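The listed protein sequences derive, respectively, from chains A and B. Sequential numbering from 31 applies to the first sequence in the numbering used here. Sequential numbering from 2 applies to the second sequence in the numbering used here.
Hints listed in this document are in silico derivations from the structure and should not be mistaken for laboratory results. Predicted, not measured: the structure shown is a model, and the values here were computed from it. In this text, a Cβ means the ideal position worked out from N, Cα and C, and glycines have one as well. Take the hints with a grain of salt, since some may be wrong.
[Unchecked claim] With beta-carbon atoms standing in for the labels, derived distance ranges:
(1) B/Ser8 - A/Glu45: 30 to 38 Å
(2) B/Ser67 - A/Arg47: 42 to 50 Å
(3) A/Ser140 - B/Ser63: 31 to 39 Å
(4) A/Asp89 - B/Asn98: 16 to 24 Å
(5) A/Ser82 - B/Gly60: 17 to 25 Å
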Amino acid sequence: DQQVKQNSPSLSVQEGRISILNCDYTNSMFDYFLWYKKYPAEGPTFLISISSIKDKNEDGRFTVFLNKSAKHLSLHIVPSQPGDSAVYFCALREGAGSYQLTFGKGTKLSVIP
Amino acid sequence: GAGVSQSPSNKVTEKGKDVELRCDPISGHTALYWYRQSLGQGLEFLIYFQGNSAPDKSGLPSDRFSAERTGGSVSTLTIQRTQQEDSAVYLCASSLNSNQPQHFGDGTRLSIL
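For reference, chain A alone in the conformation it holds in the complex:
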């Protein structure tokens, strides 16, 4: 049974609009949450993270929201740009001192010019 789910395999958004990528999890022990972006034929690139003591973290056009009671994580990109087109993975860590990340299957974002 998957502990981390990204239920939308793909998402298309018009340039300039907001992109919202979602991630749901079942294990309440996860305490650190990350988003990675992946272009074809490249490795994932770390984008932004949030710890369980916060509910929002912002970095430029990227904002990550954490709803612990709903076990839901989201990434907002605004305004979306064509260069944001990539596969986005959420990755979750279980417990302080843990090193292992559990990844979702990814959502492919296409930003249409």
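Let chain A serve as the given structure and place chain B on it in line with the hints.
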């Protein structure tokens, strides 16, 4: 180098052969990780190194898989007697320590004929 370097970038081999994949982590990063991504799947954890030691080998799928790390730097992942189900992209990541975000290489795409 500036980032995590993996070689080869692509490897095609016949079933039953042994393969060796190499990872050069970011200089100074003590933690090193190997993952596997099969088609349409998320990243699957294989093994974690802290320095030259591998405290967690739990993700290795079978005893045909082994990994080592020398000098606290370069790591090699070896797959013996390859099978078709071993076909995947093998990704290496490193981090300053186990609590820091992981930085990925571009992976080795392994195809078993």
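Violating hint indices (sorted, rising):
Hints that this structure does not satisfy do not exist here, as all of them hold.
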